[in-house]
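Residue numbers (numbering that gives the first Met the number 0), protein chains in the order written: chain A, 0 to 90; chain B, 0 to 105.
Since the hints were made in silico from the structure, they are not lab data. These numbers come from a predicted model, not from an experiment. There may be inaccurate statements among the hints.
Cβ-Cβ distance ranges computed for the label pairs, FRET-style [stated by the list, open to error]:
id, chain 1, residue 1, chain 2, residue 2, range
1, B, D27, A, Y80, 21 to 31 Å
2, B, K101, A, D57, 45 to 55 Å
3, A, M58, B, K97, 26 to 36 Å
4, B, F44, A, F24, 23 to 33 Å
5, A, G54, B, L6, 21 to 31 Å
6, B, K101, A, F9, 32 to 42 Å
7, B, F63, A, L75, 25 to 35 Å
8, B, R93, A, D1, 41 to 51 Å
9, B, P26, A, R55, 24 to 34 Å
10, B, M0, A, G54, 15 to 25 Å
11, B, V13, A, M58, 27 to 37 Å
12, A, L16, B, H85, 22 to 32 Å
13, B, F63, A, A76, 31 to 41 Å
Don't be surprised by glycine CBs; every beta carbon is placed ideally from N, CA and C.
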Amino acid sequence: MDSVFLYSGFYLTLIMLLPLYRAIFGPTVLDRLVGVNAIGSKTTVMLILVGLIYGRVDMFVDIALAYALLNFIAVLAASRYFQKKKGLYEE
Amino acid sequence: MNYLITLLLISGLVFFTGGSIGILRLPDFYTRLHPAGKLDTAGQFFTMSAIALFILQDFALANFLTAAKIVLIVIFVYITSPTATHAIVDAGVRAGLKPWTKEGQI
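All chains, full assembly: derive it from the sequences and hints.
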């Protein structure tokens, strides 16, 4: 059962590369924000998988909860900040 | 029981794959928010439920607390993911981004 979680972690890391492309080469700032949000929601699952592989789930669950909170706060603050700058989006 | 856990894990990974390909390939900013908002939440639900079932296999009080924390993460994500998506859409509308159409027809 450990190898299932290990290969799931590998596959999840490979899947994270696709929103990373959108976060780097996105045409507008909000596209980059969408990519970062998708990477963060995958990282929450990834942290608990790492905890299962190491055998310390009770510690990594708290880190995953804090990461989910931080992801939400970061996206909310960045979207509130960037909506005031008009003309930033037309490249 | 292990087959059920593996099935839930693989279905969650399928949802994550669809969300990532949708973010990569859809034409517009507003359409890209659709896989980012929905499929990531569904994938997170399936994967987290698989991990919670795996933890609850040997029943003890500490394992029960860990599974309860995972359920709390899922409830938190179900509240905050539509809120974050709506905040991004609101920022796009206020900045005056035009939605994507087929070229020439509005």
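Right, here's what the structure says about each hint:
1. B:D27 to A:Y80: 21 to 31 Å: 22 Å, holds
2. B:K101 to A:D57: 45 to 55 Å: Taking Cβ atoms as reference, K101 of chain B and D57 of chain A lie about 53 Å apart, which means the hint holds.
3. A:M58 to B:K97: 26 to 36 Å: This hint is violated: roughly 47 Å between Cβ atoms.
4. B:F44 to A:F24: 23 to 33 Å: Holds, since F44 of chain B and F24 of chain A (Cβ atoms, about 30 Å apart) stay within the stated range.
5. A:G54 to B:L6: 21 to 31 Å: Between G54 of chain A and L6 of chain B, where Cβ atoms are some 24 Å apart, the hint holds.
6. B:K101 to A:F9: 32 to 42 Å: 40 Å, holds
7. B:F63 to A:L75: 25 to 35 Å: For F63 of chain B and L75 of chain A the Cβ distance comes to about 32 Å; the hint holds.
8. B:R93 to A:D1: 41 to 51 Å: 48 Å, holds
9. B:P26 to A:R55: 24 to 34 Å: Distance hint for P26 of chain B, R55 of chain A is violated at roughly 43 Å.
10. B:M0 to A:G54: 15 to 25 Å: 19 Å, holds
11. B:V13 to A:M58: 27 to 37 Å: 29 Å, holds
12. A:L16 to B:H85: 22 to 32 Å: Given range 22 to 32 Å: holds, Cβ gap about 27 Å.
13. B:F63 to A:A76: 31 to 41 Å: 35 Å, holds
Comparing the model with each earlier hint shows violations of hints 3 and 9; every other hint is respected.
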